[in-house]
Each structure stands twice: as structure tokens, then as C-alpha cells.
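Trainee: The chain contents come next:
Number of protein chains: 2
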Amino acid sequence: MMEFEVVGTVESKFKEPVGPDKMRQEESTIVIKPEYEEGLYRIEDNDYLQVVFQFHLSDGYKLKAPRRHGKERGVFASRSPRRPSSIGITCVELLEREGRRLKIRGLDAIGGTPVLDLKPYASVMDDPKKDSTAKKEETK
Amino acid sequence: MMEFEVVGTVESKFKEPVGPDKMRQEESTIVIKPEYEEGLYRIEDNDYLQVVFQFHLSDGYKLKAPRRHGKERGVFASRSPRRPSSIGITCVELLEREGRRLKIRGLDAIGGTPVLDLKPYASVMDDPKKDSTAKKEETK
Chain A
4 MMEFEVVGTV
14 ESKFKEPVGP
24 DKMRQEESTI
34 VIKPEYEEGL
44 YRIEDNDYLQ
54 VVFQFHLSDG
64 YKLKAPRRHG
74 KERGVFASRS
84 PRRPSSIGIT
94 CVELLEREGR
104 RLKIRGLDAI
114 GGTPVLDLKP
124 YASVMDDPKK
134 DSTAKKEETK
Chain B
4 MMEFEVVGTV
14 ESKFKEPVGP
24 DKMRQEESTI
34 VIKPEYEEGL
44 YRIEDNDYLQ
54 VVFQFHLSDG
64 YKLKAPRRHG
74 KERGVFASRS
84 PRRPSSIGIT
94 CVELLEREGR
104 RLKIRGLDAI
114 GGTPVLDLKP
124 YASVMDDPKK
134 DSTAKKEETK
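Here the protein sequences line up with chains A and B, keeping their order. Take the position in the first sequence, starting the count at 1, then add 3; the result is the number in the working numbering. Take the position in the second sequence, starting the count at 1, then add 3; the result is the number in the working numbering.
A couple of the hints might just be wrong.
It does not matter which identical chain is used: a pair holds within one copy or between any two.
Claimed, not checked - Listed next, the in silico BS3-like pairs over lysine-lysine satisfying Cα-Cα at most 27 angstroms (straight line):
(1) 36 to 133
(2) 65 to 133
(3) 16 to 132
(4) 36 to 106
Simulated from the structure, these hints should not be mistaken for lab results.
Working from the sequences, and respecting the hints, build out all of it.
Mentor: See the structure below:
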């Protein structure tokens, strides 16, 4: 087991899961704890953030489970919230920062969700189609 | 504090950090623990995976720190391994699965790194340029 910090919380009009597609259409807010506010310095330079959060309502997991509309597959081949490590990651659009409050769009997490980390989206790490050789040339 | 499971470990020729760009050029292997093998069912249907791992050598964190070649910024505006929650995420190419061993390319993590989770890359959650409205239409 590994322990991690909760650095903030999601505020959302969704108080319980209504389906990720619907939640991702909407705006929500991440409120960072006061003791971590300094870590937000210049975050507004980024258009997109990776949000790392906990599926806090998720109770246990199944290693193999059917998809809603498809073939059975393993939990590591699915984005199910019922995972051995109940960690979710979603890329969101950063709309506005006001102090410790980040207004975002695209998060599929309900109000009260604990946020573990925020990272700026970086194509070299996050884009599957990145050409790592080309990227390396660019940074020389 | 939140506790999460270690589901596997990285095997890599890199035994200590040599710079993420260099590491991402190379192949490495994720070895999933036997008790989680069933969770890999059909993972080979995916070309790209999100790897969630722990920066296990990272000791403490700074909320505000200069980048190597740039302006000072907060930890949540950087991909520094020295974070309040020392979680890394990187999108990698899945080259081959052999039982509990996944050969991948693109991971910027050294040998011995604890893996917390694997997820299939999904543009609707991971691609910043996704058009959530269009995606919703598709799934109707």
C-alpha cells in the first residue's frame, strides 16, 4: 500500500454519478487546500490540466467485468471506477483561476471527490501520437 | 491521506533517472503481480495505455520551484516528480503482452518503480482537443 495526499476537492452540481459523458459536458470547480495554494503559481499559463482524483464512492473492485455495451474485459483494459487502486485521471480545460479555485470543464467526477494531484497537460507525456524522436530533436 | 495498491513494477535498463526524454525513447516492461493478472484480460486490444506510477525515489516536495530552463512555477504547473502526492502518469505504447509482462515504449520511470494502475488510453478522457459534444453524439 502507498499513501498519498489529498490536495483539494471537486465542487460540482453533480452530487452523484450520472454517467461520465454527461458530467464531462459541464463546468465544475477544483478547490485546492490553503496549504497547497502556492503550488498553483502560474498554473493559469496552461489551457489543459491532468486531474488525478480518487473514485471515493467506489467500493471494492472486480478484476474482470463486462463493459456496458461490449465484451468482457479486465479492469486494466477498462476505465471502470472499481479498480484495485481507485485512481481516476481526466484531462480538463482550465477556464479560470481565482485564488485557490480553478474553474474547469470536462471533469467526470462528482462533488466531494478528493483531488490527489494536478499536472499541466504535456503532449510529450500525454499524447499517444507523440513522436518521441522528433520531440527529442526539438529540445536539443 | 489515501492508500492505494501497488499492482506491479517496472523493469527497465535505467536503474536511476537519466532524464525523461531519454527514458521515453526506450522500451521497458511492466510486470503485474500474479494476483492481478486477470485484470489484464484483453488489454492487448489497446495500442496505448496510461500508466499511473509512484515517484518512489522522490523525497519530499517544493510547492514553488524553478524549471530547468524557464520561469519559476508551482508544482501543480509542472511535471516535477517532487509533488505532494508523488504520482506520475505517462501514456505509453503497448508493444506486446506475455502473461503478466507488458512490453511498452515511452515510459519515463526507472526500474523498480511501483505501478499503481493501468488504463486504456481513451481520447474522450485523455485528449485535450476532444470535442465532448461531438463525442456525445457518436455514442447516442
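Trainee: Look at each hint and say if it fits the structure.
Mentor: Verification of the supplied hints:
In the homo-oligomer, the alpha carbons of residue 36 and residue 133 never lie at most 27 angstroms apart, since the shortest distance is 34 angstroms inside one protomer and 29 angstroms across protomers. Taking CA atoms no more than 27 angstroms apart as the test, residue 65 paired with residue 133 passes in neither setting, with 32 angstroms inside one copy and 29 angstroms between copies. Taking the closest pair of Cα atoms, residue 16 and residue 132 come within 27 angstroms of each other only across two copies (24 angstroms); inside a single copy the shortest separation is 34 angstroms, beyond that limit. Taking the closest pair of Cα atoms, residue 36 and residue 106 come within 27 angstroms of each other only inside a single copy of the chain (15 angstroms); across copies the shortest separation is 39 angstroms, beyond that limit.
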